[in-house]
Amino acid sequence: MALQAAIAGLKSQSGSGLGLSMARLFASAAASPSIKVEVMPYKVHRIEAPSNVVETNVEELMGFYKLMYKMRRMEIAADMMYKAKFIRGFCHLYDGQEAVLTGIEAAITLKDSIITSYRDHCQHISRGGSVVSLMAELMGKQEGATKGLGGSMHIYNRKHNFYGGNGIVGAQIPLGAGIALAHKYKGEPNVCITMYGDGAANQGQKYEALNMAGLWNLPVIFVCENNHYGMGTAEWRAAKSPNFYTRGDYIPGIKVDGMDVLAVKNAVAFAKAYSLANGPIVMEMDTYRYHGHSMSDPGSTYRTRDEINAMRTERDPIERVKKLLLNNGVDAAELKKFDKEVKKEVDDAVEQAKQGKIPPLPWLWRNMYVEPLGAGMRGVLPDEYHVPAFDPDYKS
Amino acid sequence: MLASRNMRASGARVAAAPAQRAILAARSGRRASLAAKAQKKEIMMWEALREAIDEEMERDPTVCVMGEDVGHYGGSYKCTLGLYKKYGDMRVLDTPICENGFMGMGVGAAMTGLRPIVEGMNMGFLLLAFNQISNNCGMLHYTSGGQFKTPLVIRGPGGVGRQLGAEHSQRLESYFQSIPGVQLVAVSTVRNAKALLKAAIRSDNPIIFFEHVLLYNVKGEAGDKDEVACLERAEVVREGTDVSIFTYSRMRYVVMQAVNELVKQGYNPEVVDLISLKPFDMETISKSVKKTRKVIIVEECMKTGGIGASLSAVIHESLFNELDHEVVRLSSQDVPTAYAYELEAATIVQSSQVVDAVHKIVGATAPVRA
Chain W
1 MALQAAIAGL KSQSGSGLGL SMARLFASAA ASPSIKVEVM PYKVHRIEAP SNVVETNVEE
61 LMGFYKLMYK MRRMEIAADM MYKAKFIRGF CHLYDGQEAV LTGIEAAITL KDSIITSYRD
121 HCQHISRGGS VVSLMAELMG KQEGATKGLG GSMHIYNRKH NFYGGNGIVG AQIPLGAGIA
181 LAHKYKGEPN VCITMYGDGA ANQGQKYEAL NMAGLWNLPV IFVCENNHYG MGTAEWRAAK
241 SPNFYTRGDY IPGIKVDGMD VLAVKNAVAF AKAYSLANGP IVMEMDTYRY HGHSMSDPGS
301 TYRTRDEINA MRTERDPIER VKKLLLNNGV DAAELKKFDK EVKKEVDDAV EQAKQGKIPP
361 LPWLWRNMYV EPLGAGMRGV LPDEYHVPAF DPDYKS
Chain H
1 MLASRNMRAS GARVAAAPAQ RAILAARSGR RASLAAKAQK KEIMMWEALR EAIDEEMERD
61 PTVCVMGEDV GHYGGSYKCT LGLYKKYGDM RVLDTPICEN GFMGMGVGAA MTGLRPIVEG
121 MNMGFLLLAF NQISNNCGML HYTSGGQFKT PLVIRGPGGV GRQLGAEHSQ RLESYFQSIP
181 GVQLVAVSTV RNAKALLKAA IRSDNPIIFF EHVLLYNVKG EAGDKDEVAC LERAEVVREG
241 TDVSIFTYSR MRYVVMQAVN ELVKQGYNPE VVDLISLKPF DMETISKSVK KTRKVIIVEE
301 CMKTGGIGAS LSAVIHESLF NELDHEVVRL SSQDVPTAYA YELEAATIVQ SSQVVDAVHK
361 IVGATAPVRA
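The listed protein sequences derive, respectively, from chains W and H. Each step along the first sequence adds one to the number in UniProt numbering, with nothing skipped, and position 354 is 354. Each step along the second sequence adds one to the number in UniProt numbering, with nothing skipped, and position 201 is 201.
Derived pair list, reagent style SDA-like, types lysine to any residue, alpha-carbon separation capped at 20 angstroms: (1) W:K186 <-> H:R91; (2) W:K184 <-> H:Y87; (3) W:K184 <-> H:G113; (4) H:K287 <-> W:L373; (5) W:K159 <-> H:G113; (6) W:K159 <-> H:F148; (7) W:K184 <-> H:P96; (8) W:K186 <-> H:R59; (9) W:K159 <-> W:V370; (10) W:K184 <-> H:M90; (11) W:K186 <-> H:F148; (12) W:K186 <-> H:T62; (13) H:K287 <-> H:E326; (14) W:K186 <-> H:G113; (15) H:K85 <-> W:W216; (16) W:K184 <-> H:T62; (17) H:K287 <-> W:G376; (18) W:K186 <-> H:K86; (19) W:K184 <-> H:D89; (20) W:K184 <-> H:P61; (21) H:K287 <-> W:A375; (22) W:K184 <-> H:D60; (23) H:K287 <-> W:D383; (24) W:K184 <-> H:R91; (25) W:K186 <-> H:P61; (26) W:K357 <-> W:S396; (27) W:K186 <-> H:E58; (28) W:K111 <-> H:F148; (29) W:K111 <-> H:G113; (30) W:K184 <-> H:D94; (31) H:K287 <-> W:Y385; (32) W:K186 <-> H:D94; (33) H:K290 <-> W:G376; (34) H:K287 <-> W:R378; (35) H:K290 <-> W:D383.
Since the hints were derived computationally from the structure, they do not count as laboratory data.
Construct all of the structure, not just a fragment, from the sequences and the given hints.
Put into structure tokens, the structure is as follows:
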């Protein structure tokens with residue numbers, strides 16, 4: 001919950017004071033000396049670049065560090081659990097890309113919507129979910145985020161406007177445009193952050209959604225998380241133009257250093273203001289995933305270990321923030337202490353998830369339909385009948 | 001729809017036979033011959049669908065329409081004629097030609113609480129949106145652990161028209177029937193079209209709503225703004241004793257034409273319009289089967305994997321001892337629909353074939369009545 005408070009604190013300090021402001025939870029935040037950081041200049045398409053000097057302070061940076069480190073430990077734990085066969089099927093890990101999501105969440109509120117692909121574990125955390133419920137979902141337990149029915153690729157949080165968790169590459173892009181349409185339809189001053197990857201950027205439905213969003217000035221921010229590999233295919237082998245931020249053509253675009261949380265936050269805040277006033281905008285986040293595409297992919301057959309190690313040493317998002325903190329008077333011992341706490345929290349969550357219960361068999365026929373009228377569904381054997389029920393709380 | 005009822009103002013269950021005014025002649029699909037007893041104002045099916053959409057949009061501000069040419073053009077079959085003037089461009093949204101894209105948009109909007117009616121100009125075009133319909137629309141309620149509903153209505157004309165060619169004569173009900181989480185409804189009369197569309201719009205489940213290209217100009221009486229049918233209930237068109245004929249959509253008229261002929265010959269067939277293609281109304285179906293003990297399914301779907309294939313399996317598996325004869329299934333041939341008139345006619349079921357099937361299953365002469 002302290003983490004949640006940290007995020008809320010970040011939002012209230014968002015540079016341009018946009019959207020709905022949340023209660024200031026850190027009274028001392030304003031008193032902390034401002035740190036000015038120069039980030040990599042933005043590359044832009046059909047729009048003027050925002051300033052690349054970002055103001056921050058130690059509180060905010062600590063919040064970033066904590067969230068990103070938690071995401072990192074969680075994904076590493078998922079890796080270990082997958083290898084230990086507690087997690088099965090597909091498991092797509094986000095480590096290396098934490099700065100993108102952390103920066104986005106810092107610039108928006110929980111009333112703005114997020115939708116993403118199957119690389120969705122960390123969105124669950126940033127949108128108010130617990131590590132335990134994520135781990136339980138990955139292990140297929142009933143205490144999981146979607147009751148063990150969704151799995152790694154189908155994590156949702158309706159209350160905090162997280163629309164998943166989508167398995168098919170690119171299918172979430174039109175959904176995101178639809179969510180933005182609904183925001184506009186209902187007159188809500190909110191945007192929909194529609195996240196997809198460099199592989200999905202070649203899907204036709206992305207251009208269909210861009211066209212419609214542009215036609216109707218929908219408040220959607222298309223975020224391309226360019227980690228340079230669409231599963232095993234490098235971006236230059238899949239895309240004639242790998243300048244994803246320009247591929248919206250008539251839609252303006254910004255390219256951001258996705259390994260720098262401050263650059264991301266600043267750009268997304270700018271994009272949100274733009275989007276609410278004018279309509280869609282495309283953002284390309286230059287980022288990197290340390291793991292392969294999923295746990296079935298070693299991640300080293302199409303890229304070199306040198307490249308991966310270089311990223312880790314030179315551009316790791318957590319190390320960057322850590323350096324900033326240490327340079328601005330934060331004690332290394334304090335950070336170490338926090339690291340230990342997070343490791344323990346994640347380890348405890350894993351153990352707790354392991355003790356979770358298997359979803360009961362009747363849940364197989366829950367919530368296929370709203371009000372299914374008691375019509376029987378046939379089972380595997382000729383004489384089996386099951387009655388689907390509407391039971392969103394899964395009481396029975 | 002827990003309050004399942006086929007309601008008239010009088011409260012009696014709507015039986016299609018007396019209310020059925022229009023019976024299509026064999027050779028001219030679009031002209032309807034009116035029965036002499038027409039008294040109340042008769043409208044065409046497209047007007048009835050339009051009335052349903054209009055009434056529901058007025059009643060609930062979250063209902064909106066999206067699709068190609070639904071707004072300024074008025075809808076390619078006039079089902080949304082003039083509605084954009086009344087409700088504005090945002091509620092009657094003209095989309096570009098991108099079925100995958102706008103179906104996804106409809107699903108995304110539905111997840112937030114809106115109730116879009118997504119129109120496919122022809123159901124066949126929705127093959128492009130299959131992923132969105134199957135994965136994001138049908139399965140979402142389940143995979144989100146009950147969190148997100150998708151109260152969409154996906155509607156449009158399907159079926160074999162008049163020499164429209166193979167790609168515009170598709171029957172998608174058979175492709176969609178396996179998708180878990182969706183409901184399939186096929187309308188056939190003016191009355192049931194309006195009442196069922198209203199029910200579909202109000203339903204919280206995703207409904208795929210099959211209209212037929214050749215039925216838009218069928219005339220009949222429509223109910224008032226409170227008449228809402230049950231989406232899961234089949235319609236008994238004609239009660240009988242000799243054989244149960246299960247059908248839906250335009251084939252209902254083909255069957256009724258055959259029935260007119262059969263009645264003259266002394267037969268007494270029972271005709272049931274399935275209406276709900278998924279789930280089947282097993283209550284009505286089994287009641288009919290138990291009564292007649294003989295079943296003919298007449299459908300426009302292909303023979304392979306059609307609605308009739310599923311229904312035939314269900315009837316054989318659960319009502320085997322109630323049958324005196326195996327289920328006879330009249331379906332379209334497994335070929336792309338040819339352009340030439342005669343070949344197109346040979347692809348789909350004709351009323352003479354229904355008559356022959358009844359002769360075969362009941363007997364060459366009508367049973368002797370006591």
